[in-house]
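**Q** Chain by chain, the residues:
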Amino acid sequence: MTVKEFAQQQSLTVAVEGDLSREIGGGYCGDLLSWVMSRAESDDCWFTVMGNVNAVAVSVLADCACIVLCENAPLDDDAKLKAEQQGVNILLSEQNAYTLAAALSKAL
Amino acid sequence: MSLITLHYDVPGDDFTRAGEASGNVKTHLKKLGFNPTVVRNVVIALYEAEINMVIHAGGGEIDVEIDPDQIRMVLTDHGPGIPDVELAMQEGYSTAPDNVRALGFGAGMGLPNIKKYTDDMQIETEIGVGTTMRLRVDVPA
Chain A
938 MTVKEFAQQQ SLTVAVEGDL SREIGGGYCG DLLSWVMSRA ESDDCWFTVM GNVNAVAVSV
998 LADCACIVLC ENAPLDDDAK LKAEQQGVNI LLSEQNAYTL AAALSKAL
Chain B
5 MSLITLHYDV PGDDFTRAGE ASGNVKTHLK KLGFNPTVVR NVVIALYEAE INMVIHAGGG
65 EIDVEIDPDQ IRMVLTDHGP GIPDVELAMQ EGYSTAPDNV RALGFGAGMG LPNIKKYTDD
125 MQIETEIGVG TTMRLRVDVP A
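Here the protein sequences come in this chain order: A and B. Take the first sequence: its letters are residues 938 to 1045, numbered as in my numbering. Take the second sequence: its letters are residues 5 to 145, numbered as in my numbering.
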């Protein structure tokens, strides 16, 4: 399933469009950046409430397919800019990480 | 003589720029065709060390040497030094302030992660003088 297909299926808002055709390989939930960076897998869809510039850096370094900001967590302006520069997909949702991760698990 | 040497100045207390050096090293390693595991190990260790410099030491310098069989990194700062390295190496131990924790850091995983993702890690630290960290990631044959 691609990032675009998951976004459409779950009615996620695309805040930053990097490469929406990227395939999602799995999912990871977490907000502690060091924890996520060392455990998230390449091509994971990362569910978090961290919408800061460091989350974008972690996503790039861990090679996640996309960031999904859950429960209407805000995306900082500098994070949006950095994501645009780095081509990081960022999606927004009012749903929580559990609901979205469960949906992704079913879909994959 | 190394294949490539890279140098970065890391500004202190600027979280918006933290990760630039790690990201740049990642780009170089990918272009050179290193395998994804090696790239991942290097950038995780380097990013953690870079963030530590920003949080605790007011910035510093990073030197990276890339060879076909290993990647060596030297991170030098002139911060306060680490009073108890053994304690700092314990997962979950952190002295990061609240404003840093609010950003998602300060889980006490920085140094343990660096150790986990490198083949060699040496810390030289002196209170009031600074810290030098030497890291090495080997490339499997």
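For the record, the hints were derived by calculation from the structure and aren't laboratory data. These numbers come from a predicted model, not from an experiment. Keep in mind that the hints are not guaranteed to be accurate.
List time: in silico DMTMM-like cross-link candidates among lysine to aspartate or glutamate, alpha-carbon distance up to 20 angstroms [as the list claims (entries may be wrong)]:
(1) K120(B) <-> D956(A)
(2) K119(B) <-> D956(A)
(3) K35(B) <-> E90(B)
(4) K34(B) <-> E1008(A)
(5) K34(B) <-> D980(A)
Simulated DEER-style distance windows between Cβ atoms [stated by the list, open to error]:
(6) T1036(A) <-> Y97(B): 31 to 37 angstroms
(7) P87(B) <-> G1024(A): 50 to 56 angstroms
(8) T939(A) <-> I131(B): 51 to 57 angstroms
(9) S979(A) <-> K119(B): 19 to 25 angstroms
(10) N1033(A) <-> P144(B): 39 to 45 angstroms
In silico contact screen, one side only, chain B against chain A (beta carbon under 8 angstroms); selected entries [what the hints assert, rightly or not]:
(11) K30
(12) I48
(13) N103
(14) K119
Just so it is clear, CB atoms sit at the ideal spot from N, CA and C, and this is done for glycine as well.
**Q** So, against the hints stated earlier in the document, which numbers end up violated here?
**A** 1, 2, 3, 4, 7, 13, 14
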